[in-house]
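Please take these sequences and the hints and turn them into a complete structure.
What follows is the residue order along each chain.
2 protein chains.
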Amino acid sequence: MENFEFYSPARLIFGKGTENTIGQQLKPYAKKVLLHYGGGSIKKTGLYDRVVASLNEAGVAFVELGGVQPNPRLKLAQEGIDLCRRENVDLILAVGGGSVIDSAKCIAMGVCYDGDVWDMYQQGKAIEKALPVAVILTIPAAGSEASGDTVITNEDKALKYGYGSPKLRPLMSVMNPELFYTLPKNQVANGVTDMMSHVFERYFTNTKSVELTDGLCETVLRTIMHNAPRVLKNAEDYDAWCEIGFAGTVAHNGLVGCGRAQDWGCHNMEHELSAIYDVAHGAGLAVLTPAWMTYVWKDNPEMFVQFAVKVMGVDGSYREPEAIITEGIEKLRAFFTAIGQPATLTELGIGEDRLEEMARKATHECFGKEQPIGGLKKLYWQDVLAIYKLAL
Amino acid sequence: MENFEFYSPARLIFGKGTENTIGQQLKPYAKKVLLHYGGGSIKKTGLYDRVVASLNEAGVAFVELGGVQPNPRLKLAQEGIDLCRRENVDLILAVGGGSVIDSAKCIAMGVCYDGDVWDMYQQGKAIEKALPVAVILTIPAAGSEASGDTVITNEDKALKYGYGSPKLRPLMSVMNPELFYTLPKNQVANGVTDMMSHVFERYFTNTKSVELTDGLCETVLRTIMHNAPRVLKNAEDYDAWCEIGFAGTVAHNGLVGCGRAQDWGCHNMEHELSAIYDVAHGAGLAVLTPAWMTYVWKDNPEMFVQFAVKVMGVDGSYREPEAIITEGIEKLRAFFTAIGQPATLTELGIGEDRLEEMARKATHECFGKEQPIGGLKKLYWQDVLAIYKLAL
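For the record, the sequence lines run as chains D and A.
The first sequence lines up with residues 1 to 392 when you count with the working numbering.
The second sequence lines up with residues 1 to 392 when you count with the working numbering.
Just so you know, the hints here were simulated from the structure itself, not pulled from any lab data.
Small disclaimer: the values here were computed from a predicted structure and weren't measured.
Be careful, since some hints might not be right.
Copies of one chain are not kept apart here, so a pair can be met inside one copy or by any two copies together.
Unchecked claim - Straight-line alpha carbon distances no greater than 25 Å define the calculated DSS-like cross-link-like pairs of lysine-lysine that follow:
#1 129 x 75
#2 167 x 31
#3 167 x 27
#4 27 x 129
#5 208 x 378
#6 208 x 16
#7 16 x 233
#8 129 x 167
#9 75 x 125
#10 157 x 75
#11 331 x 310
#12 233 x 208
#13 310 x 208
#14 129 x 31
#15 27 x 125
#16 331 x 298
#17 43 x 32
#18 43 x 16
#19 233 x 331
And the structure:
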């Protein structure tokens, strides 16, 4: 096990009716909040009205900024930063999924920074301060409700970059799984895929003697895979939604990756797809992950045997590891297909023409200083290109 | 799944050499700390000198109070409270195991409270404030390094009571598994038993649809049971100690109990043994837990089948659940014996004479208002007495 720090201070407030307590919860921390949300679905479902009522009742003032898109845009966040400064906002309340939360974190640090907030994403600058962020989660997926990470798309440059700091971990996250009932099936599938990938990126490692976190990863993955078909079959299965929602948080609050070298190759490769083609992050991951596994497993076959047996339930002869591994990858592919995900880049409308450009961007090769991505196997731009091609 | 809040803000700083950073870690939070420790083993091992050097180097002043005993005493904590007030201490640094940390928490809240700190334990009063507590862990066991709980023995009244508040969760906990190399084998066994019990108390529940936390509990238990014999065989097995140490924290930081009705019957029954006979908490738990299982399993046989199969690895016919359950309990008993724990109260030198007194105290029956203990099965004083007798 490697040395590590684990710090996950976000208070998770979980269960039926919890969103109606948001005003009381925020009162000790904020006089005026920015209510930040997406395309307006929270108005259709009545959530917006309940949140506003709760804030009013508690005497917490607010200004609002809606319009966050999937793959959240830098420009809107910059608008939010100006608004917060003008209005003396002291806390950002994100009501939505990962995109809204990531946008909120971008605003939260931008308000406290003198330059352009893109500096952080571009240069990885450390931040000294950020406004607190609170969350009401409407899409279980990104795990952003517990993490200190944010991913933003710079639409002018067609770049999608991530940034992380412990100072960006939300103060609190409210999760009522009933709010997930109205999600369209493709968003459910994308969310499930994303949270599985958050575990995969930590699970697949060359670090040895990480038995506890191996087991935690495996149980989170099995729980997600058992419950995803249940919520897709019955959108109002509260118990199954509880498992999915809670698993999505545990998948990304840092715990299951403690003491392990991590990978993040698939996430990095997928960000290029989303930046150029604006495909859903989950759909991109569903296509790339099995291709990545096929490309890299020979670098650590023992790890992939363990995955096949303990996560995918493959029951074969350990004397034929390749057969076990291949069956594990096939079963994962079949799972993604069963929840409605595409299996190829072609299905996503992506052809060969820009693969090389994306591979060079993913590894920063095109910026003159190549940084290989991935952990279990270091991926240079030629490797990334080969994986994209396997996924066609 | 039941509604829940999960809040575990303690920063875990884990791995080799981490104790030498304590001065730097504390500097932003404290001008003067109380260095609180036990019987002086930290002086023999050189840990005391390293901690003092780190504090001096960072310019963090300190006063000290040693002498914490296992089953920590109220009187010493009261002495610590006076000392902290006199010296304007602003943070308590506990260097030790659960007893030292629990004593530190008692001091931390006592300093900020006008009356007698025993009020909290006796009456369960809510606290408004406490000094921050930091920890350097020397015994993986109690999980107190992540929890908001403290247990104190009032030696005048022969009462051992617990108290919990989110305000008592440590600010940070430093864990270098190398510090565990010098622990005597019986302390290792007691620590392992205690952390297993922290999971059991959460695992055994009648709450349904708690698949994720079921799985988390099971993987923590399997990890502990796999690695305990390894550290008992080779006291310097760093990898195995990492698993045990980290598992002890996860067992008690609240995560594995989220959304579940919990039990705590065995802990409550054991506190009576420790209060009267001053037996080690872990030894008491090792004796009582299998007896408790034997007494209660008929109230939820499905839960105990799951335990036998998924935790103890019993591979029998599901058409004979009683056989599976009995084998599971026997395997647990055998595990405790293998790590050197006693199997009966008799081995602990405890006879029949005070069992009824303890049963009436455990349930507060003797104070005129009986409060049954336990969750999976409510235990009245006659039930507790029956379990004590089964354990003779």
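Hints and how they fare:
1. 129 x 75: For residue 129 and residue 75, only the intra-copy Cα distance (21 Å) is at most 25 Å; the inter-copy one is 42 Å.
2. 167 x 31: The answer is both: 20 Å in one copy and 23 Å across copies each meet 25 Å.
3. 167 x 27: Cα proximity of residue 167 and residue 27: in one copy and across copies (21 Å, 18 Å).
4. 27 x 129: So residue 27 and residue 129 pass the 25 Å test inside a copy (21 Å) and across (18 Å) alike.
5. 208 x 378: within (18 Å within a copy, 43 Å between copies)
6. 208 x 16: between (40 Å within a copy, 16 Å between copies)
7. 16 x 233: within (21 Å within a copy, 48 Å between copies)
8. 129 x 167: both (7 Å within a copy, 24 Å between copies)
9. 75 x 125: For residue 75 and residue 125, the Cα distance is within 25 Å only inside one copy (20 Å; across copies 50 Å).
10. 157 x 75: within (12 Å within a copy, 66 Å between copies)
11. 331 x 310: both (12 Å within a copy, 23 Å between copies)
12. 233 x 208: between (39 Å within a copy, 20 Å between copies)
13. 310 x 208: Both: 17 Å inside a copy, 24 Å across copies.
14. 129 x 31: both (19 Å within a copy, 22 Å between copies)
15. 27 x 125: between (32 Å within a copy, 24 Å between copies)
16. 331 x 298: within (18 Å within a copy, 39 Å between copies)
17. 43 x 32: within (21 Å within a copy, 52 Å between copies)
18. 43 x 16: within (19 Å within a copy, 52 Å between copies)
19. 233 x 331: within (20 Å within a copy, 40 Å between copies)
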